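Q: The primary structure of each chain is shown beneath.
2 protein chains.
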Amino acid sequence: MNRRQFNKRLTQGLAGTALVSSVPLACAMGGDGGKKGSLGIALVGLGSYSTYQLAPALQETVNCHLAGIVTGTKEKEKIWAEKYGIPEKNIYNYDNFDTIRDNQDIDIVYVVLPNSMHAEFSIRAARAGKHVICEKPMALSVEECDAIIKACTDAGVKLAVGYRLHSEPYTQEVKRFVKEKTFGEVLYVSAEAAYRSVGNPDQWRLNRELSGGGALMNMGVYSIQSAIYSTGQNPVAVTAQEFSTRPDYFRDTDETITAQFQFPGGAVGNIFTSHNANANSLYASCTRGWFSLKPANNYGPLAGESANGILTFPHQSQQKLQMDDFASHILYRTENRAPGEMGKRDLIIVEAIYRSIAEGNKSISLDLGNMGLV
Amino acid sequence: MNRRQFNKRLTQGLAGTALVSSVPLACAMGGDGGKKGSLGIALVGLGSYSTYQLAPALQETVNCHLAGIVTGTKEKEKIWAEKYGIPEKNIYNYDNFDTIRDNQDIDIVYVVLPNSMHAEFSIRAARAGKHVICEKPMALSVEECDAIIKACTDAGVKLAVGYRLHSEPYTQEVKRFVKEKTFGEVLYVSAEAAYRSVGNPDQWRLNRELSGGGALMNMGVYSIQSAIYSTGQNPVAVTAQEFSTRPDYFRDTDETITAQFQFPGGAVGNIFTSHNANANSLYASCTRGWFSLKPANNYGPLAGESANGILTFPHQSQQKLQMDDFASHILYRTENRAPGEMGKRDLIIVEAIYRSIAEGNKSISLDLGNMGLV
Numbered sequence: 001m002n003r004r005q006f007n008k009r010l011t012q013g014l015a016g017t018a019l020v021s022s023v024p025l026a027c028a029m030g031g032d033g034g035k036k037g038s039l040g041i042a043l044v045g046l047g048s049y050s051t052y053q054l055a056p057a058l059q060e061t062v063n064c065h066l067a068g069i070v071t072g073t074k075e076k077e078k079i080w081a082e083k084y085g086i087p088e089k090n091i092y093n094y095d096n097f098d099t100i101r102d103n104q105d106i107d108i109v110y111v112v113l114p115n116s117m118h119a120e121f122s123i124r125a126a127r128a129g130k131h132v133i134c135e136k137p138m139a140l141s142v143e144e145c146d147a148i149i150k151a152c153t154d155a156g157v158k159l160a161v162g163y164r165l166h167s168e169p170y171t172q173e174v175k176r177f178v179k180e181k182t183f184g185e186v187l188y189v190s191a192e193a194a195y196r197s198v199g200n201p202d203q204w205r206l207n208r209e210l211s212g213g214g215a216l217m218n219m220g221v222y223s224i225q226s227a228i229y230s231t232g233q234n235p236v237a238v239t240a241q242e243f244s245t246r247p248d249y250f251r252d253t254d255e256t257i258t259a260q261f262q263f264p265g266g267a268v269g270n271i272f273t274s275h276n277a278n279a280n281s282l283y284a285s286c287t288r289g290w291f292s293l294k295p296a297n298n299y300g301p302l303a304g305e306s307a308n309g310i311l312t313f314p315h316q317s318q319q320k321l322q323m324d325d326f327a328s329h330i331l332y333r334t335e336n337r338a339p340g341e342m343g344k345r346d347l348i349i350v351e352a353i354y355r356s357i358a359e360g361n362k363s364i365s366l367d368l369g370n371m372g373l374v
Numbered sequence: 001m002n003r004r005q006f007n008k009r010l011t012q013g014l015a016g017t018a019l020v021s022s023v024p025l026a027c028a029m030g031g032d033g034g035k036k037g038s039l040g041i042a043l044v045g046l047g048s049y050s051t052y053q054l055a056p057a058l059q060e061t062v063n064c065h066l067a068g069i070v071t072g073t074k075e076k077e078k079i080w081a082e083k084y085g086i087p088e089k090n091i092y093n094y095d096n097f098d099t100i101r102d103n104q105d106i107d108i109v110y111v112v113l114p115n116s117m118h119a120e121f122s123i124r125a126a127r128a129g130k131h132v133i134c135e136k137p138m139a140l141s142v143e144e145c146d147a148i149i150k151a152c153t154d155a156g157v158k159l160a161v162g163y164r165l166h167s168e169p170y171t172q173e174v175k176r177f178v179k180e181k182t183f184g185e186v187l188y189v190s191a192e193a194a195y196r197s198v199g200n201p202d203q204w205r206l207n208r209e210l211s212g213g214g215a216l217m218n219m220g221v222y223s224i225q226s227a228i229y230s231t232g233q234n235p236v237a238v239t240a241q242e243f244s245t246r247p248d249y250f251r252d253t254d255e256t257i258t259a260q261f262q263f264p265g266g267a268v269g270n271i272f273t274s275h276n277a278n279a280n281s282l283y284a285s286c287t288r289g290w291f292s293l294k295p296a297n298n299y300g301p302l303a304g305e306s307a308n309g310i311l312t313f314p315h316q317s318q319q320k321l322q323m324d325d326f327a328s329h330i331l332y333r334t335e336n337r338a339p340g341e342m343g344k345r346d347l348i349i350v351e352a353i354y355r356s357i358a359e360g361n362k363s364i365s366l367d368l369g370n371m372g373l374v
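Protein chains in written order, with full-length UniProt numbering: chain X, 1 to 374; chain W, 1 to 374.
Don't take every hint at face value.
[What the hints assert, rightly or not] Okay, derived cross-link-like pairs now, SDA-like style, lysine to any residue, Cα gap no bigger than 25 angstroms in a straight line:
| no. | chain 1 | residue 1 | chain 2 | residue 2 |
| --- | --- | --- | --- | --- |
| 1 | W | Lys362 | X | Ser244 |
| 2 | W | Lys362 | X | Arg355 |
| 3 | W | Lys175 | X | Thr245 |
| 4 | W | Lys181 | X | Tyr195 |
| 5 | X | Lys181 | W | Pro247 |
| 6 | X | Lys294 | W | Asn278 |
| 7 | X | Lys179 | X | Val236 |
| 8 | X | Lys294 | W | Thr312 |
| 9 | X | Lys294 | W | Lys175 |
| 10 | X | Lys362 | W | Tyr354 |
| 11 | X | Lys175 | W | Arg196 |
| 12 | X | Lys181 | X | Pro264 |
| 13 | W | Lys179 | X | Ser244 |
| 14 | X | Lys179 | X | Lys362 |
| 15 | W | Lys175 | W | Leu311 |
| 16 | W | Lys294 | X | Gly184 |
| 17 | X | Lys362 | W | Ala358 |
| 18 | W | Lys181 | X | Val198 |
| 19 | W | Lys294 | X | Ile310 |
| 20 | X | Lys181 | W | Val198 |
| 21 | W | Lys294 | X | Leu311 |
| 22 | X | Lys175 | W | Tyr195 |
| 23 | X | Lys362 | W | Glu351 |
| 24 | W | Lys362 | X | Gly266 |
| 25 | W | Lys362 | X | Val198 |
| 26 | X | Lys150 | X | Asn103 |
| 27 | X | Lys179 | X | Lys83 |
| 28 | X | Lys362 | W | Gly266 |
| 29 | X | Lys179 | W | Thr245 |
| 30 | W | Lys362 | X | Pro247 |
| 31 | X | Lys175 | W | Asn278 |
| 32 | W | Lys179 | X | Tyr195 |
| 33 | X | Lys362 | W | Ile348 |
| 34 | W | Lys294 | X | Asn308 |
| 35 | X | Lys362 | W | Val236 |
| 36 | X | Lys83 | X | Gly72 |
| 37 | W | Lys74 | W | Pro87 |
| 38 | W | Lys181 | X | Pro247 |
Note that these hints are calculated values from the structure, not bench results. None of the values given here were measured: they were computed from a predicted structure.
Required output: the full structure, derived from the provided sequences and hints.
A: Put into structure tokens, the structure is as follows:
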């Protein structure tokens, strides 16, 4: 049985035993003799997000564990191997990455590289028969998103975008408010996602070739997400504006963008994203009340209120919840909370926002249907 | 000495004794033998704002008091006369209003009529030699604002717009943060001022002829104000968008408007106003911190926070503070916190927002200098 067949069986819920026997950690971490398992994850790209968020989170996960790494930096291999007990055979570089197909310890590849490398490594991972988590934004363009989705479909592997908030409890509560119409119909949503960047101007996020865009590609995607899960709808039209005040620092990426969404139910969305100011909030006004999160999209703990009072949920690592949910989707056929279609939809909106700006703040129509609504 | 000469002397700080002797209430309310006084105010228009806010506030004021009323509704005359002990001679209707010039009990006329009547009655009040408070928005157009300002200048009377928040302590604290650069330079300000209107669709606020516009003219003026006092600057450019979802209810006034301001220092302002959703907040991100008010512009008590902690000020009627400040300006030459130029500037911005919308969300340049900055 090759990985692809194995994964197919896994998806159908038939391969638990084989999996657990091939993943020793699973037993130590809650495997119960074949009914449950822990999938092995390989992190591709060992930058700060992998180092300070994902690897620590993978020490707490129950449905998956850190099994391998893929890095272009030789020195990191030994550090990570020692810190996390990763065997030599589960350590890859970008050149030999494709041989990961033969590694039964690795079930999921999590692509945590600069945006420009998301498509390439997600597609290579899929072709190696591995399930894929692709960090947000999913890719540089809608075209690349399509290529990732096709590669995963062709390979019969699962695909998720690294939208950790869909596993986060305050965000779940917001989605519940919307689904159950706790406060009636949503009339207005404000979504801010911004931080002030004053560090190294040569960081990849500020390099268009690597990032594909600035604030909008990085933080803006969160505000797009917020607006959508706060209304439960995809926008039907968008207008947008760009502001630049530090062109020497933001040499070729957008610094600040505002955008306005029209939703099919009549709600208005007001979006702010920036690499030049701090803002992190979500607020929705509804026909029978309101809800808000502030902060709404950092690593947490988030905080929130509604017309019914303060929201209180225990804090867990968002990344732990996210990766466990994706592993659960593979293992137990639970919902994929952030499928590839969601990432693609957000890139369609990103492209519409850039187009509105390029065309003098013109209104751009969107025909998204229910794409990516979960 | 006629009223005009009297007022001129008053402004020069010479007429305290004369004033107190003609305004008996002043003695009971803190007059100290001539150095202080209480000016008589006549409210023009006895709608809900006069009834539930201004008249009660005038029971608490120390520099002014309710001395007269001007109403087009005969039945209200007796009710108000009895409730507030207003003598027959201080009760006017719209026809005999101009004879108020001969009434020494009235120092200030507060115009609380529908927007379309602000200019006419402010000008008639000025020509009657009375100081003027004109409710916001100052008038239907910049042209009308100019006419009001000219009439007051010509008559040598003082003029303020009913911007109560300039006397409100949380708002004062925000202005102090900005002036003293407590948190450095302001980078971004979000200002929301909106409420959901579901009442009588025939109310004057939803009638363009009487209101001059919808959400923007009513609540939008607050968000414009917020953005300006949160940056301490006038915007140099604006873009705007309009949204309509209940055209049957909002038959001829704007329902929801978003606008984006560019400030000369580089700050970006993001404005939301609506008659179809509830939102009431101000947030500013600065180079060394942040501040916020929520609510930011209702009748209070307001509430606020900053990077230095929660803001806490005792609550007083905003209208009391506002009217006392204006009376103090007349009596003691203290600052006019909301001069006519401020109201005019806001109408220039309102007109630019409507123009941006009419011209397809186009960016409109503004050349306001320091107009109305207090």
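Q: Look at each hint and say if it fits the structure.
A: Hints, one by one, checked against the model:
Our distance criterion of 25 angstroms between C-alpha atoms is met by W:Lys362 and X:Ser244, whose separation comes to about 17 angstroms. Proximity of W:Lys362 to X:Arg355 is assessed by CA-CA distance (about 15 angstroms); at most 25 angstroms being required, the pair is judged to hold. For the suggested pair W:Lys175 and X:Thr245, the alpha carbons sit about 23 angstroms apart, so the restraint of at most 25 angstroms is met. This hinted pair checks out: W:Lys181 and X:Tyr195 have alpha carbons roughly 20 angstroms apart, not beyond 25 angstroms.
Between X:Lys181 and W:Pro247 the alpha-carbon distance is near 24 angstroms, which keeps this suggested pair within the 25 angstroms criterion. This hinted pair checks out: X:Lys294 and W:Asn278 have alpha carbons roughly 17 angstroms apart, not beyond 25 angstroms. A hinted pair counts as satisfied when its Cα atoms are at most 25 angstroms apart, and X:Lys179 with X:Val236 qualifies at roughly 19 angstroms. Straight-line distance between C-alpha atoms of X:Lys294 and W:Thr312 comes to about 20 angstroms, which keeps the hinted pair within the 25 angstroms bound.
Taking the CA atoms of X:Lys294 and W:Lys175, the gap is near 24 angstroms; set against the 25 angstroms cutoff, the hint holds. Among the hinted pairs, X:Lys362 with W:Tyr354 is consistent with the structure: their alpha-carbon atoms are about 16 angstroms apart, no more than 25 angstroms. Proximity of X:Lys175 to W:Arg196 is assessed by CA-CA distance (about 23 angstroms); at most 25 angstroms being required, the pair is judged to hold. Distance check on the hinted pair: X:Lys181 and X:Pro264 sit about 16 angstroms apart at the alpha-carbon level, within 25 angstroms; holds.
Proximity of W:Lys179 to X:Ser244 is assessed by CA-CA distance (about 24 angstroms); at most 25 angstroms being required, the pair is judged to hold. Distance check on the hinted pair: X:Lys179 and X:Lys362 sit about 32 angstroms apart at the alpha-carbon level, beyond 25 angstroms; violated. Taking the CA atoms of W:Lys175 and W:Leu311, the gap is near 13 angstroms; set against the 25 angstroms cutoff, the hint holds. About 22 angstroms separates the Cα atoms of W:Lys294 and X:Gly184, which keeps this hinted pair within 25 angstroms; it holds.
Proposed proximity of X:Lys362 and W:Ala358 is supported: the alpha carbons are some 12 angstroms apart, at most 25 angstroms. Of the supplied pair hints, the one linking W:Lys181 and X:Val198 holds, its CA atoms being roughly 19 angstroms apart against a limit of 25 angstroms. Our distance criterion of 25 angstroms between C-alpha atoms is met by W:Lys294 and X:Ile310, whose separation comes to about 15 angstroms. Under the criterion of a C-alpha separation no larger than 25 angstroms, the hint pairing X:Lys181 with W:Val198 is consistent with the structure, at around 19 angstroms.
For a cut-off of 25 angstroms, the pair hint linking W:Lys294 to X:Leu311 stands: about 18 angstroms separates their Cα positions. Of the supplied pair hints, the one linking X:Lys175 and W:Tyr195 holds, its CA atoms being roughly 24 angstroms apart against a limit of 25 angstroms. Between the alpha carbons of X:Lys362 and W:Glu351 the distance comes to roughly 20 angstroms, so the proposed pair stays at or under 25 angstroms and holds. The suggested pairing of W:Lys362 with X:Gly266 holds, with an alpha-carbon distance near 23 angstroms, which does not exceed 25 angstroms.
Proximity of W:Lys362 to X:Val198 is assessed by CA-CA distance (about 31 angstroms); at most 25 angstroms being required, the pair is judged violated. A C-alpha spacing of about 23 angstroms is found between X:Lys150 and X:Asn103, which places the hinted pair at or below 25 angstroms, so the restraint holds. Proximity of X:Lys179 to X:Lys83 is assessed by CA-CA distance (about 43 angstroms); at most 25 angstroms being required, the pair is judged violated. Proposed proximity of X:Lys362 and W:Gly266 is supported: the alpha carbons are some 23 angstroms apart, at most 25 angstroms.
Note on X:Lys179 and W:Thr245: the hinted pairing holds, with a Cα-Cα distance of about 21 angstroms set against a maximum of 25 angstroms. At roughly 22 angstroms between alpha-carbon atoms, W:Lys362 and X:Pro247 fall within 25 angstroms of each other, so this suggested pair holds. Between X:Lys175 and W:Asn278 the alpha-carbon distance is near 20 angstroms, which keeps this suggested pair within the 25 angstroms criterion. Taking the CA atoms of W:Lys179 and X:Tyr195, the gap is near 24 angstroms; set against the 25 angstroms cutoff, the hint holds.
In summary, the hint linking X:Lys362 to W:Ile348 is supported, as the alpha carbons are separated by about 24 angstroms, within the 25 angstroms threshold. Under the criterion of a C-alpha separation no larger than 25 angstroms, the hint pairing W:Lys294 with X:Asn308 is consistent with the structure, at around 17 angstroms. Between the alpha carbons of X:Lys362 and W:Val236 the distance comes to roughly 21 angstroms, so the proposed pair stays at or under 25 angstroms and holds. A hinted pair counts as satisfied when its Cα atoms are at most 25 angstroms apart, and X:Lys83 with X:Gly72 qualifies at roughly 18 angstroms.
Between W:Lys74 and W:Pro87, the direct Cα distance comes to roughly 15 angstroms. Compliance with the 25 angstroms bound is thereby established for this hinted pair. Among the hinted pairs, W:Lys181 with X:Pro247 is consistent with the structure: their alpha-carbon atoms are about 24 angstroms apart, no more than 25 angstroms.
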